[in-house]
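Visitor: The lines below spell out each chain.
Number of protein chains: 2
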Amino acid sequence: MEKCKIIFKPSNKTIEVRKGADLLASAVAAGVYINSSCGGEGVCGRCKVVIKKGKFQTEPTGRITPEEKKKNFCLACLTTVEGNLEVYIPPQSRLELDKTKKEQARVYRLKGLYSESAEVDKGKPIIDEGIFTHSPVSTKVYAELPRPTLNDSVSDYERLIREIKSKYKISIMQAGLRNIRRLGALLRHSDWKVTVTLGKRNETTEIVIIEPGNTSKQNYGVAFDIGTTTVSGQLVDLNTKKVLGTKGTHNKQVMFGDDVITRIMFATEESGLERLHHAVIDNMNSIIKELTEEHGVALNNVTGVMCAGNTTMMHLLLRVDPTYIRKEPYVSTANFVPVIRAAESGIKIHPRGLLACIPGVSTYVGGDIVAGVIACGIDNEEALTLLLDIGTNGEIAFGNKEWMACCSASAGPAFEGSGVSCGMRAIKGAIERVEIDAKLNAKVKTIANSKPMGICGSGYIDLLAQMLKKDIMKRDGRLNADAKTKKIRKKDGELEYVVVPKNKACCGYDIVIKESDIENIKRSKGAIFSAAAILVKKFNLTFDQIDKIYIAGGFGTYLDIENAVTIGLLPDVDRKKFKFVGNSSLIGSREILLSYDTMKKAEDTARKMTYVELSKDPAYMDEYISSLFFPHTNLEKFPSVK
Amino acid sequence: MEKCKIIFKPSNKTIEVRKGADLLASAVAAGVYINSSCGGEGVCGRCKVVIKKGKFQTEPTGRITPEEKKKNFCLACLTTVEGNLEVYIPPQSRLELDKTKKEQARVYRLKGLYSESAEVDKGKPIIDEGIFTHSPVSTKVYAELPRPTLNDSVSDYERLIREIKSKYKISIMQAGLRNIRRLGALLRHSDWKVTVTLGKRNETTEIVIIEPGNTSKQNYGVAFDIGTTTVSGQLVDLNTKKVLGTKGTHNKQVMFGDDVITRIMFATEESGLERLHHAVIDNMNSIIKELTEEHGVALNNVTGVMCAGNTTMMHLLLRVDPTYIRKEPYVSTANFVPVIRAAESGIKIHPRGLLACIPGVSTYVGGDIVAGVIACGIDNEEALTLLLDIGTNGEIAFGNKEWMACCSASAGPAFEGSGVSCGMRAIKGAIERVEIDAKLNAKVKTIANSKPMGICGSGYIDLLAQMLKKDIMKRDGRLNADAKTKKIRKKDGELEYVVVPKNKACCGYDIVIKESDIENIKRSKGAIFSAAAILVKKFNLTFDQIDKIYIAGGFGTYLDIENAVTIGLLPDVDRKKFKFVGNSSLIGSREILLSYDTMKKAEDTARKMTYVELSKDPAYMDEYISSLFFPHTNLEKFPSVK
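These protein sequences, in sequence, are chains A and B. Under my numbering, the first residue of the first sequence carries the number 1, and numbering increases by one thereafter. Under my numbering, the first residue of the second sequence carries the number 1, and numbering increases by one thereafter.
It is worth saying that the hints were derived from the structure and are not from the lab. Do not rely on the hints blindly, as some may be mistaken.
If several chains are the same, the list does not tell them apart, and a pair holds so long as it fits within one copy or across any two.
DSSO-like mimics (lysine-lysine), calculated; alpha carbons at most 30 Å apart, straight line [what the hints assert, rightly or not]:
1) Lys167 to Lys608
2) Lys608 to Lys537
3) Lys165 to Lys451
4) Lys165 to Lys608
5) Lys502 to Lys484
6) Lys484 to Lys19
7) Lys327 to Lys165
So here's chain A without its partners, still in its complex pose (with noise of 0.2 Å):
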């Protein structure tokens, strides 16, 4: 079997691998993770490489343009190796972990309509402190116990127990077998003075780590929002409630499908679990290894972790089967999950550290929207809101303190950059805000004010606003040849708008928008804008009656609220009643990761909101289709807009 050696750059990342093996499955290998949303089909055109040197046979692909072609360009999942490589992932066909700084997250968070999110790394719930009791899901205590005498000769473990039920109120307690087995030589040689993490397993507290000395100001935490196509986390100083850092990144699993239902196909292949599981862990492992290097915290000192995700995010997490989630009458095999060690998974952390993840209401409506409710509030008040929490797998709660209905939309990528020609993550270099000028030039701006690259979900938002004011646009979505601007013109049969050419980008192509994209968004507002309506009218009010209304998701620090309301992604009602929260799940998971009675607030949530399937509903598909168009067929529900 011939061997040949493949040599990544810019990384330098190599591998041997046998004659013949797929590039792409190939860098996976390597360690080096290359963009992709259709799973290897050749069909989304996401994993472009460069070949440097070296023999290689790939497949024709209308997705190489043939300038492309000459400087050999080629999709890395249609090729196969023939020999010694060297091969250049352009910049964008990699998935990196963001490295934007803290600071500068902020200031892009305050340039945005609604500044209340950017307190969300200062560490500040955004709702009402003081309403979650401050017992974090691990939680470290000290304990200077009185040394044994012939008179009080109680056994190490019971003195252990004694001690800390003597100090807080905990009824039941346990160790598992390796920490009593540790105990003795512990307690003595840490002159009775030991620091103990507790865990909340159930009703059960357990006696998670035993170590030596006053180690107890010293406890960590990660909060996780796990999204189809992103995956965030939050380190947090378990004592202080400090945020110490963010991070977000591609989930890995894109390499495997851009939505759940592509992925659960692919997790019926062989080792296609395995290697789901894996990419999200990778994920997972990344950015706590990453906070905790910035921050300098010892990954013994985390010691608990939160996670928050749809169902099938979760399945995938905890190598769980999701097949059945795809099939009537589409039932997953747990929602409501215990506590586990997080080593169990994979995750890194103190060996003994444990996993929690937020319950789910039901297979398509996961622990990210309970916790999305929770960072919200919404549980807790009188008034009258909506969640529309934004995300390839749009989530929408509805209701307050009384009473909570769910329901969820397949809204796709789009918002989140993917599944759209030029899209790309809130991330440096995204297009997040556009104008169009009278010459029907789009003026843009980028986050961190880089050369751009492609375009996020705030960006699109802005830019089919424009387009539909500025007459580029229909209200169909088509865009209008007679316009008078040459940015519009015709490519491989289909029209597109360039806003802002290859010379003034990065990416080393136009950055144009299509009439296919325009189509991909169109149906994701579309799908989110009915949901909501029809998830509103099932219970006789309107959009009118509703008090708050929170958007949330993926659209990174800034979503300008009138420009979504001009192409029907939300409801045309007094725009004060509107809060972008940002990633609500991420909150959630954090308020969670803090407090074990807001774990319980979420199963009481969870248990609480009523599922409202939509697919059984024939009203949903006549509101639907009257959302495909911008901003609806109906232009009297969009008053302000007509």
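Keeping the supplied structure of chain A fixed, place chain B upon it in accordance with the hints.
Guide: The following block gives chain B in isolation, referenced to the frame of chain A:
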């Protein structure tokens, strides 16, 4: 490094070791278990073997007679391997599982004075039926789940819990990740019909095992009594409560020392704790294997193990360092141990099956006496009861349902046939009854009427009582050199009485009792009697005021109460008050295995019992010294003997 091959006869087990290896260690490594009580110090003389062929070196020892030496007898612990060897292990040196058939065992018991203990094998507790709620530590329930529909799409895991909770009164339930991972496929492949093994772990009910179909009828457990000298196990059908079989064996830890203190010292040596742990786990696994094979039970259908034993035995079983037990202030690492997975300690039943230890009272009063109290129903009765558990570690409980106290006495293993020159356990060939005729010759009866091999505890009690009555032995335990019999002789400067001459025995030497043996037994009986006397006195009571006296312990199947009173082991009170209950620790262990409510009773009992430390009491030493006579210094205490 030169290799030598050793073949052990009669088992024909072989092993290759390096030249210069220790023969005793080589035998253990080959799986050939040899008696040894001194930890390989060349002191006890129990590891006699015969080298049939090959080169070896052995140290001189008084334990080998010149006659034996001619026949190539040597002590395995003092012998090093110098070439290929053929080694014969004589019967008295072999450590083997009892092969006694159950039917035979029952016959022996019925011959005893108190036949109640014969009920043990029938699976009837010695206290009233119906007191224990029938809910074993691991309980199998069969469930047919309603198939999910679009209107009932609760997740698999919650569906399973819902079904079980609808039928059984269980509040908190959880399953491990491993079970959740398998659940989706398992439910669908088994047509939603599964058998769930539920286990109690603290207040949480765990879903331990999920199996397809209805296997609820196949659920077995093994109850153990882990004694310092003897390990006994009982296979129980957890549904019918029927005892399928009982087996006992020498605790293999005896190789490393006779008593708990010697073993604790051995545990501090390199890999000492490991070896002690593996020895008892080996014992238990052998018993489980033999019992399940004999009764056609699959190991995978054994779901629970219950263990009673003294505190040191429980530490060694769980591989918890027992070092601190023998260091002032004598504190154990844990008396209340949480339920663990049996596999965690190396016990081979269903890989997810559970192992529970009965809680102990203190460092020197273990779960075995708690089990005994439960077995005798002392915690349920008004009657003032004394329980004497006569083992190597003698433990005594005293009280009734209102209050309870306990103490321990370091009795030594004499009544279990160890530490006495011709002692053996109550198995086939052991002398269990003795009468001495007018000519001062002993007439003996052995278990299974085999050729005599040694003397067990009940045999020694008979023998001493008879020797006292016939004036062969004086009240201080010295032999009467003037007695008109040649059976009393001097050997190696010590008087001894020949019980069975070599030609009538199967062990190859005269079965004798030496003055040093009498001294050992005297100390054992003195320790137990004086501990009981002081415990009773502490509460300003006398033996006459006690309603019931239960005697438990390793006497095998028979105990002559009259003779036990004669030598001063038991107090001289109305004989109707006595009840010989056999292995009460094993019986209690079984009852607790069969009922979680009984485990709760055991926990209450362990917490309730007041531990009386005798070593601190000056009255104890006085009473002990007075007890070093037959029956006692003060004959007024034994009017019927007087």
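Visitor: Output the numbers, in ascending order, of every earlier hint that fails for this structure.
Guide: Hint check: 3 and 6 fail, others pass.
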